[in-house]
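Participant: For reference, the chains in residue letters:
There are 2 protein chains.
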Amino acid sequence: MSLISLFEPQSIAVVGASKTEGKIGYEAMKSVHEFDGDVHPVNPSADGTLFGEPFVGSVTEVEGGVDLGLLCVPGPVVPSVLEEFGAADVGAAVIYSGGFAESGAEGEALQDRIVEVANRHGISLLGPNTSGFLVPGSGLYASFAAGVQDVRPGNVAVVAQSGGVAHACAFEAAREGRGLAAMVGLGNRANVGFEAVIDYFDRHEDTDAIVLHIEGTDDARSLLETCREVDTPVLAYKVGKADVGEFAKSHTGALTGEHALYEAGFHQYGVPTVESTTQLLDAGHALATAPTPAGANVGVVTAQAGPGIIIADRLKQAGARLPSLSAETRARLDKLLSGITYSANPVDTGRPMPEFGEVVTAVAEDENVDVVLVYELHEAALGFPTDALDGLAETVDKPVLFSTAGPESLMADDLAALEAIGVPTYTSPERGADAASILVGYADLGGQGATVEVTVDE
Amino acid sequence: MSLISLFEPQSIAVVGASKTEGKIGYEAMKSVHEFDGDVHPVNPSADGTLFGEPFVGSVTEVEGGVDLGLLCVPGPVVPSVLEEFGAADVGAAVIYSGGFAESGAEGEALQDRIVEVANRHGISLLGPNTSGFLVPGSGLYASFAAGVQDVRPGNVAVVAQSGGVAHACAFEAAREGRGLAAMVGLGNRANVGFEAVIDYFDRHEDTDAIVLHIEGTDDARSLLETCREVDTPVLAYKVGKADVGEFAKSHTGALTGEHALYEAGFHQYGVPTVESTTQLLDAGHALATAPTPAGANVGVVTAQAGPGIIIADRLKQAGARLPSLSAETRARLDKLLSGITYSANPVDTGRPMPEFGEVVTAVAEDENVDVVLVYELHEAALGFPTDALDGLAETVDKPVLFSTAGPESLMADDLAALEAIGVPTYTSPERGADAASILVGYADLGGQGATVEVTVDE
Numbered sequence: 020m021s022l023i024s025l026f027e028p029q030s031i032a033v034v035g036a037s038k039t040e041g042k043i044g045y046e047a048m049k050s051v052h053e054f055d056g057d058v059h060p061v062n063p064s065a066d067g068t069l070f071g072e073p074f075v076g077s078v079t080e081v082e083g084g085v086d087l088g089l090l091c092v093p094g095p096v097v098p099s100v101l102e103e104f105g106a107a108d109v110g111a112a113v114i115y116s117g118g119f120a121e122s123g124a125e126g127e128a129l130q131d132r133i134v135e136v137a138n139r140h141g142i143s144l145l146g147p148n149t150s151g152f153l154v155p156g157s158g159l160y161a162s163f164a165a166g167v168q169d170v171r172p173g174n175v176a177v178v179a180q181s182g183g184v185a186h187a188c189a190f191e192a193a194r195e196g197r198g199l200a201a202m203v204g205l206g207n208r209a210n211v212g213f214e215a216v217i218d219y220f221d222r223h224e225d226t227d228a229i230v231l232h233i234e235g236t237d238d239a240r241s242l243l244e245t246c247r248e249v250d251t252p253v254l255a256y257k258v259g260k261a262d263v264g265e266f267a268k269s270h271t272g273a274l275t276g277e278h279a280l281y282e283a284g285f286h287q288y289g290v291p292t293v294e295s296t297t298q299l300l301d302a303g304h305a306l307a308t309a310p311t312p313a314g315a316n317v318g319v320v321t322a323q324a325g326p327g328i329i330i331a332d333r334l335k336q337a338g339a340r341l342p343s344l345s346a347e348t349r350a351r352l353d354k355l356l357s358g359i360t361y362s363a364n365p366v367d368t369g370r371p372m373p374e375f376g377e378v379v380t381a382v383a384e385d386e387n388v389d390v391v392l393v394y395e396l397h398e399a400a401l402g403f404p405t406d407a408l409d410g411l412a413e414t415v416d417k418p419v420l421f422s423t424a425g426p427e428s429l430m431a432d433d434l435a436a437l438e439a440i441g442v443p444t445y446t447s448p449e450r451g452a453d454a455a456s457i458l459v460g461y462a463d464l465g466g467q468g469a470t471v472e473v474t475v476d477e
Numbered sequence: 020m021s022l023i024s025l026f027e028p029q030s031i032a033v034v035g036a037s038k039t040e041g042k043i044g045y046e047a048m049k050s051v052h053e054f055d056g057d058v059h060p061v062n063p064s065a066d067g068t069l070f071g072e073p074f075v076g077s078v079t080e081v082e083g084g085v086d087l088g089l090l091c092v093p094g095p096v097v098p099s100v101l102e103e104f105g106a107a108d109v110g111a112a113v114i115y116s117g118g119f120a121e122s123g124a125e126g127e128a129l130q131d132r133i134v135e136v137a138n139r140h141g142i143s144l145l146g147p148n149t150s151g152f153l154v155p156g157s158g159l160y161a162s163f164a165a166g167v168q169d170v171r172p173g174n175v176a177v178v179a180q181s182g183g184v185a186h187a188c189a190f191e192a193a194r195e196g197r198g199l200a201a202m203v204g205l206g207n208r209a210n211v212g213f214e215a216v217i218d219y220f221d222r223h224e225d226t227d228a229i230v231l232h233i234e235g236t237d238d239a240r241s242l243l244e245t246c247r248e249v250d251t252p253v254l255a256y257k258v259g260k261a262d263v264g265e266f267a268k269s270h271t272g273a274l275t276g277e278h279a280l281y282e283a284g285f286h287q288y289g290v291p292t293v294e295s296t297t298q299l300l301d302a303g304h305a306l307a308t309a310p311t312p313a314g315a316n317v318g319v320v321t322a323q324a325g326p327g328i329i330i331a332d333r334l335k336q337a338g339a340r341l342p343s344l345s346a347e348t349r350a351r352l353d354k355l356l357s358g359i360t361y362s363a364n365p366v367d368t369g370r371p372m373p374e375f376g377e378v379v380t381a382v383a384e385d386e387n388v389d390v391v392l393v394y395e396l397h398e399a400a401l402g403f404p405t406d407a408l409d410g411l412a413e414t415v416d417k418p419v420l421f422s423t424a425g426p427e428s429l430m431a432d433d434l435a436a437l438e439a440i441g442v443p444t445y446t447s448p449e450r451g452a453d454a455a456s457i458l459v460g461y462a463d464l465g466g467q468g469a470t471v472e473v474t475v476d477e
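Chains L and S supply the protein sequences, listed in that same order.
Those letters in the first sequence? Residues 20 to 477, per my numbering, in order.
Those letters in the second sequence? Residues 20 to 477, per my numbering, in order.
Please note: incorrect hints may appear among the correct ones.
Pairs count within a copy or across copies, as identical chains cannot be separated in the list.
[Unchecked claim] List time: in silico DMTMM-like cross-link candidates among lysine to aspartate or glutamate, alpha-carbon distance up to 20 Å:
{"id": "1", "residue 1": "K260", "residue 2": "E294"}
{"id": "2", "residue 1": "K260", "residue 2": "D238"}
{"id": "3", "residue 1": "K260", "residue 2": "E102"}
{"id": "4", "residue 1": "K335", "residue 2": "E277"}
{"id": "5", "residue 1": "K335", "residue 2": "E127"}
{"id": "6", "residue 1": "K354", "residue 2": "E386"}
{"id": "7", "residue 1": "K335", "residue 2": "E294"}
{"id": "8", "residue 1": "K335", "residue 2": "E214"}
{"id": "9", "residue 1": "K42", "residue 2": "E374"}
{"id": "10", "residue 1": "K354", "residue 2": "E384"}
{"id": "11", "residue 1": "K335", "residue 2": "D262"}
Quick caveat, the hints were computed from the structure, so don't treat them as lab data.
Note that the structure is a prediction, hence the values are computed from the model and not measured.
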């Protein structure tokens, strides 16, 4: 089933659009009304306009047709609305309401019914039981959550089983000053699942990494195979290590399944797994922005020893290697850092210094190093070594990550300047170390595109 | 040795004060010059004024004397400056420079010398090899890092072995909109170590929790006993789980020591340990702000299932218990949430709702619950249940933590309102869960003030 109608609509209908603030039919219309295409509020019992758009009674009345319908109606009404969609040749629907497979036998029957109707008419269903999706680069905000316009365009696609987690990730990305290529909350996955959405965003021009939140799925193998087949790097956050099965089933109608088997499966198929939304977003940002590392050797440069120790500790715990630097690099560093405390790996300059960028460059150019992780507390008089880092990752074809802390009042512009030249930044030593560790994991696993030997019992 | 001169000076001298921006002697003066007491730039080869204060040639020339000297001079000069301090009856010194015990035999000898001088004159030494300290509530910014005034007054004291980590924590707290009661970078701990500083901040009126960053110390037992003896809750972040010993020794002259023994020791002495600066600050904020929990039973209320599953998963992994709610609570919830998806623990309201505050109150009042953790994506039309939460933690005498995500543009004021009524807030599901888990750990360990049976082999 093609997802063009869902993610690239020309015309959108908001079914159940409402003038009452706080209602989903109002909030969804508010989010989507600035979309650069036709947006039609649909409500047979309303008249006048909503956000400047005239109400219509049904999608069948829309001249030129509708590609995507956002359903802000109670669950039991959904089947009849989908029949109308079939009549009007609407290609896709987002179903916000709950009361389907996540809520017992009656809901399961209702979900079966909407799948039957949708499949008969060739309608792609996002949901039910989702808060929607965003494609910020297309100005498409198909969510009923207020303020989603804070999420700006970026190059990571978040594909989450839970709409709530999708939104939590989107707002966290925005808070970090990053955009997203897309945010998708799958919900109950009535007839659009992980596979189709991953496949779509693999072909999506703006998407350079796909990050997944997974509670459980009936066909893990199919998900894993999709992850391996796509060219875009994929990361996975599988929740449910502890026993939360009953609660999870009541959520999106999925069993959390055997956590360890999922983790092993992802690793076998070349997909690194992470332990939090923050790691998912931080590492996704690095995978999408920086070159893919060729190996697991991390060169650490720090301007302060204490955070450097935290980073080295955390990297080693995660299985990254901190190799000795080459004789050539050590000779370069000896010149730059004469008399300074420690020039092994981590290279510790003791304090920020004018030559800090040259130190980072020397380590990045070392043949023993696959990933560069820098830590530097912001020092206003020096700023960050933006000039030295500009183009460095591309030149050496290695990821160069930058971890820091500093006063927001003095640091914000310098941090934005690093991001603007494609250097992923992190505001704690552990976050930088975790992102680097996950890149290392990606290299170690061969990436999900690599042709590793895979043996999974059927 | 009293630390009154160090942390409560009336008069401060900046020795090696300089007019050259970027030099430590300039930056330290810039940080400290607005202190509400006398501040004297000291430099025998400078004249005129610095930040409006006239230069003097030596601390011995300062009429009325000096309590605290900030030494912005190279290591080899420190002994003679300390002799002058002795002559002028200066009670405390911060030594920013390195080249002491962290850098080989010569440095060790120099450190021995300054300790001898300082002890002979009764001078408390912070450092050497530190970037200083802050007591924001007293307007005292004794650090050479630019922008430290971003760190506002608060109720957590950060005591870090590394000045770099101390500053990373301070800036991270500021970035989260929280203040600090104090930030102390101990550095080489020449004659002021963890024990004296912990003891001081235990008596410090503004400090409600003390959080430690530890690389290693020669006398772990003494540190542990201090942690147990104080009344203020203490948390510890012990780094060095992996082998980073050589690098750490080159840092603050300390061995990282046996990580597992430290962890076991802290737990035996009632001090929960954490795994990152973020956990240290997040849990410290909760310990300082919320009532101390009586047990390990967490009641979770969530407005979105997906983040609720993440929270339940993470809490269980950390050893927290999610008890069944009492029959009375379930009856209250049934009324509030009729027909809603899941009302066990976690209680899932499906969406934010006007009754959300009542739901939280019902769970908080449940006799089976010791810690309440709430998750709610911000919904602009409803805001957060600030009225219901105001005073709730005090009434039930349990911590109530609030975890959320949302658009910064719409959420910032509502988040600040929660913090203003003493509800600790966290901007990811995992961060809220980690803070709650560490509170649970504190309860499980009996708190460091509890009279648990302790057996440590000498």
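Participant: Please work out whether the CA atoms of K260 and D238 approach to 20 Å or closer within one copy, between two copies, in both situations, or in neither?
Facilitator: within (18 Å within a copy, 38 Å between copies)
Participant: State whether the alpha carbon distance between K335 and E277 is at most 20 Å within one copy, between copies, both, or neither.
Facilitator: between (28 Å within a copy, 16 Å between copies)
Participant: If the cut is 20 Å between Cα atoms, do K354 and E386 qualify within a copy, between copies, both or neither?
Facilitator: within (19 Å within a copy, 66 Å between copies)
Participant: For the identical chains here, do K335 and D262 meet the 20 Å Cα criterion within one copy, between copies, both, or neither?
Facilitator: between (29 Å within a copy, 8 Å between copies)
Participant: Could you figure out if K42 and E374 sit no more than 20 Å apart (CA to CA) within one copy, between two copies, both or neither?
Facilitator: between (57 Å within a copy, 16 Å between copies)
Participant: Using 20 Å as the alpha-carbon threshold, which applies to K335 and E214: within, between, both, or neither?
Facilitator: neither (34 Å within a copy, 30 Å between copies)
Participant: Go through the copies and call it for K335 and E294: within, between, both or neither, with a Cα cutoff of 20 Å.
Facilitator: both (17 Å within a copy, 14 Å between copies)
Participant: At 20 Å max between alpha carbons, let me know whether K260 reaches E102 within a copy, between copies, both or neither.
Facilitator: neither (41 Å within a copy, 60 Å between copies)
Participant: With identical chains treated as interchangeable, where does the CA-CA distance between K260 and E294 reach 20 Å or less: within a copy, between copies, both, or neither?
Facilitator: Intra 10 Å, inter 19 Å, cutoff 20 Å: intra and inter.
Participant: 20 Å Cα cut-off: does K335 pair with E127 within a copy, between copies, both or neither?
Facilitator: Result: close neither inside a copy nor across copies, 47 Å intra and 29 Å inter.
Participant: Could you place K354 and E384 in one of the four classes (within, between, both, neither) given a Cα distance threshold of 20 Å?
Facilitator: Intra 16 Å, inter 66 Å, cutoff 20 Å: intra-copy only.
Consistency note: the structure conflicts with the earlier hints numbered 3, 5, 8.
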